[in-house]
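Spelled out, the chains give:
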Amino acid sequence: DQQVKQNSPSLSVQEGRISILNCDYTNSMFDYFLWYKKYPAEGPTFLISISSIKDKNEDGRFTVFLNKSAKHLSLHIVPSQPGDSAVYFCAASTGNQFYFGTGTSLTVIP
Amino acid sequence: EAEVAQSPRYKITEKSQAVAFWCDPISGHATLYWYRQILGQGPELLVQFQDESVVDDSQLPKDRFSAERLKGVDSTLKIQPAELGDSAMYLCASSPVGGSEEQYFGPGTRLTVT
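Here the protein sequences come in this chain order: A and B.
In this text, residue positions in the first sequence follow our numbering: the first is 1, and each later residue adds one.
In this text, residue positions in the second sequence follow our numbering: the first is 1001, and each later residue adds one.
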């Protein structure tokens, strides 16, 4: 049973435009949400997170939005750069347990 | 910058053979995780340690997989015997404390079972 879902396996965006990556979850007990970025042949790298008590967290070009009523979070990248091309995983945690989505492959076109 | 170390980076083994992976977490990180990532999927937790104790191994196939973290620092994950379906990326991660903290991942070990 997939508790964290990323329904878009891939996304292409023009350089300079906004990239929006989406994630849905089913478990209302999740209290922390994270986004990871992964390049080929490397482990995931932590990008940004948000606590369930907040609805927005911003770090430079990256903003994560949380809509608890819809059990939905999104990652916005503005402006998108070619170096952002990677696979992005969302993750959710409760207590000691982390659950990952299947990833969205982002391609930023120069 | 401190990193999680893993070795080997790549491993090819024949089915029914034994294979072992090693992980050295960031110094001072009490919590260590082993994940398996199959191509096209997200990481799935195999086992979680808090210091030298296992806190979650509910998804670890215990008939063939074992993991240890004897001194609460580095860790070894073993598969014996390996099966074709074990081909995957094995990721190690660590975090300062258990709970809702970001994890720091190593580069992973790509296992191919032939």
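Each hint should be verified, as a subset may be incorrect.
[What the hints assert, rightly or not] Straight-line distance between alpha carbons at most 16 Å, and here's what the computed EDC-like set of lysine to aspartate or glutamate pairs gives:
#1 A:5 <-> B:1083
#2 A:37 <-> B:1102
#3 A:71 <-> A:55
#4 B:1015 <-> B:1083
#5 B:1071 <-> B:1024
#6 B:1015 <-> B:1086
[Claimed, not checked] Partial list, computed: chain B residues near chain A (C-beta under 7 Å):
#7 1042
#8 1085
#9 1088
#10 1091
#11 1102
#12 1105
#13 1106
#14 1107
#15 1112
Simulated from the structure, these hints should not be mistaken for laboratory data.
Even for Gly, the Cβ is constructed at its ideal location relative to N, Cα and C.
Evaluation of the provided hints:
1. A:5 <-> B:1083: Violated, because 28 Å separates the two Cα atoms, which is more than 16 Å.
2. A:37 <-> B:1102: 13 Å, holds
3. A:71 <-> A:55: This hinted pair holds, its Cα atoms lying about 11 Å apart.
4. B:1015 <-> B:1083: 5 Å, holds
5. B:1071 <-> B:1024: 12 Å, holds
6. B:1015 <-> B:1086: 9 Å, holds
7. 1042: Hint holds; residue 1042 of chain B Cβ to chain A Cβ min 3 Å, cut 7 Å.
8. 1085: Because about 18 Å separates residue 1085 of chain B from the closest Cβ in chain A, which is outside the 7 Å limit, the hint is violated.
9. 1088: 13 Å, violated
10. 1091: It holds, given that the least Cβ distance between residue 1091 of chain B and chain A is near 5 Å, below 7 Å.
11. 1102: Holds, because the Cβ-Cβ distance from residue 1102 of chain B to chain A comes to roughly 4 Å (cut-off 7 Å).
12. 1105: It holds, given that the least Cβ distance between residue 1105 of chain B and chain A is near 3 Å, below 7 Å.
13. 1106: Residue 1106 of chain B check passes; min Cβ-Cβ to chain A is 5 Å, inside 7 Å.
14. 1107: 5 Å, holds
15. 1112: 14 Å, violated
The structure shown violates the earlier hints numbered 1, 8, 9, 15.
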